[in-house]
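Required output: the full structure, derived from the provided sequences and hints.
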Amino acid sequence: MNAKNLVFLLLTVATLVFASYQISAQGQNDPWTPQQLLAPADLAKVLNNSKTPQPTVYCIGMDAIIKGSIDVGPAMMPENLNTLKQKISKLPKNASIVVYCGCCPFSRCPNIRPAMKLLKDMQFTNYKLLNLPQNVKVDWMDKGYPVSE
Amino acid sequence: MLVFLLLSGSTVLTLSAQQTGLESGNRAPEIKLLTLKGDTIALSSLKGKLVLIDFWGTWCSPCVEEQSELSKLYTKYKQLTYTNGKGFEIYGVSLDSKKTNWENFVTKNKINWIQVSDLKFWRSPVAKTYNIQGLPFNVLIDGKGIILAKNLHGADLEKEIERYSVIKKTEK
Chain A
2 MNAKNLVFLL LTVATLVFAS YQISAQGQND PWTPQQLLAP ADLAKVLNNS KTPQPTVYCI
62 GMDAIIKGSI DVGPAMMPEN LNTLKQKISK LPKNASIVVY CGCCPFSRCP NIRPAMKLLK
122 DMQFTNYKLL NLPQNVKVDW MDKGYPVSE
Chain B
22 MLVFLLLSGS TVLTLSAQQT GLESGNRAPE IKLLTLKGDT IALSSLKGKL VLIDFWGTWC
82 SPCVEEQSEL SKLYTKYKQL TYTNGKGFEI YGVSLDSKKT NWENFVTKNK INWIQVSDLK
142 FWRSPVAKTY NIQGLPFNVL IDGKGIILAK NLHGADLEKE IERYSVIKKT EK
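The listed protein sequences derive, respectively, from chains A and B. All residue numbers for the first sequence refer to the numbering used here, where the first residue is 2 and numbers rise by one. All residue numbers for the second sequence refer to the numbering used here, where the first residue is 22 and numbers rise by one.
Everything labelled a hint here was simulated from the structure, so no lab data went into it. Every value quoted in this text rests on a predicted model; they were computed, and no experiment measured them. One or more hints might be untrue.
As the list claims (entries may be wrong) - Listed next, the in silico EDC-like pairs over lysine to aspartate or glutamate satisfying Cα-Cα at most 20 Å (straight line):
{"id": "1", "chain 1": "B", "residue 1": "149", "chain 2": "A", "residue 2": "150"}
{"id": "2", "chain 1": "A", "residue 1": "94", "chain 2": "A", "residue 2": "122"}
{"id": "3", "chain 1": "B", "residue 1": "119", "chain 2": "A", "residue 2": "122"}
{"id": "4", "chain 1": "B", "residue 1": "107", "chain 2": "B", "residue 2": "179"}
{"id": "5", "chain 1": "B", "residue 1": "120", "chain 2": "A", "residue 2": "72"}
{"id": "6", "chain 1": "B", "residue 1": "120", "chain 2": "A", "residue 2": "80"}
{"id": "7", "chain 1": "B", "residue 1": "149", "chain 2": "A", "residue 2": "140"}
{"id": "8", "chain 1": "B", "residue 1": "141", "chain 2": "A", "residue 2": "140"}
{"id": "9", "chain 1": "B", "residue 1": "149", "chain 2": "A", "residue 2": "143"}
{"id": "10", "chain 1": "B", "residue 1": "99", "chain 2": "B", "residue 2": "179"}
{"id": "11", "chain 1": "B", "residue 1": "119", "chain 2": "A", "residue 2": "72"}
As the list claims (entries may be wrong) - Footprint (simulated), chain B over chain A, 3 or more residues, beta carbon under 8 Å:
{"id": "12", "segment": "83-91"}
{"id": "13", "segment": "97-110"}
Cβ coordinates follow ideal geometry from the N, Cα and C atoms, glycine included.
Take a look at the structure:
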């Protein structure tokens, strides 16, 4: 195998590994794209710098642990999903919105899908799901990112 | 020399068992939390019994599914005698944040073992002390508060409880 083929092989493997990582955070029927997953480190960086434009962050799970986030309640419950609907209906369609739950691994979370579907159905254009693949403790609190009082 | 080595080994084991920590053989960290009625129950008050510390939450679907299995285990094993404890108890630590959710579930499902919580969700200091990475999570401790096993579920959990039982009804 010459060097050119080796480089091609390595690139292919790297692409497959990256793709499988993205798929693991997004099931086939999930209402979000890999590009809509926001890394916790990126949100923490924004929240820690008040001079940068701040997104509106909604907790659609049990407790608004992330600093500055708005508590909506578990989005699996219709009344909470309706609360979210009312809150975001006041925002422009291109508003920067982040939603998070963090109760459980994505595959088991009952809240993130209804919330992301609502944002999609309401035709928002700049919304993200905070990528907390395990839970908000491990992927946010344990990393020392900003939490509410 | 052999005697010295044996004595040293024994001393190390004894010290390890007395140390508070999260490994098997360590003394389980103390927990003191409120029940639904507002009383405080300390984990250490269960000294003398085989105890399963069950960390759970009503928002955690695998935890909810596991409660019916725990109910069967509790009924089957609560009055047995164990190699290092008399009777079996479950010390349920809820990581809920809303008391009504916790209370409604406990009442509806007739959970009759100890239930405590500080209603702080993942902010609970106990979650940090026990280095919980996800739910459900449990710790099995003996009558002296020493950790026997961690995070066993289903048949593995029952097998472990069975392993320490001496199959004899305790006196009421």
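Checking one constraint from the list: CA of residue 119 of chain B to CA of residue 72 of chain A, max 20 Å. Satisfied?
holds (13 Å)
Given pair status - residue 140 of chain A, residue 141 of chain B, alpha carbons within 20 Å
Answer holds: residue 141 of chain B to residue 140 of chain A is near 17 Å, not above 20 Å.
For the pair supplied as a hint, residue 149 of chain B and residue 140 of chain A, confirm whether the alpha-carbon distance does not exceed 20 Å.
holds (14 Å)
Verify this for me: three or more residues of the segment 97-110 of chain A with a beta carbon less than 8 Å from a beta carbon of chain B.
It holds: at least three residues are needed, and the segment 97-110 of chain A offers 5 whose Cβ sits within less than 8 Å of chain B.
Verify this for me: three or more residues of the segment 83-91 of chain A with a beta carbon less than 8 Å from a beta carbon of chain B.
violated (count 0)
Restraint status (C-alpha distance of residue 120 of chain B to residue 80 of chain A at most 20 Å)
This hinted pair holds, its Cα atoms lying about 19 Å apart.
When you check the alpha-carbon spacing of residue 119 of chain B and residue 122 of chain A, does it fall within 20 Å?
violated (30 Å)
Satisfaction of hint between residue 150 of chain A and residue 149 of chain B, Cα-Cα up to 20 Å:
Distance of about 17 Å is within 20 Å: holds.
Given the hint that residue 149 of chain B pairs with residue 143 of chain A, test it: the Cα-Cα distance must not exceed 20 Å.
Judged against 20 Å, a Cα distance of about 9 Å means the pair holds.
Regarding the pair residue 107 of chain B and residue 179 of chain B, is the alpha-carbon distance no greater than 20 Å?
Given pair residue 107 of chain B, residue 179 of chain B holds - Cα atoms ~17 Å apart, limit 20 Å.
Between residue 120 of chain B and residue 72 of chain A, is the straight-line Cα distance small enough, at 20 Å or below?
holds (17 Å)
Given hint residue 122 of chain A paired with residue 94 of chain A - CA-CA distance at most 20 Å
holds (11 Å)
Figure legend: structure checked against the earlier numbered hints; hints not met, in rising order: 3 and 12.
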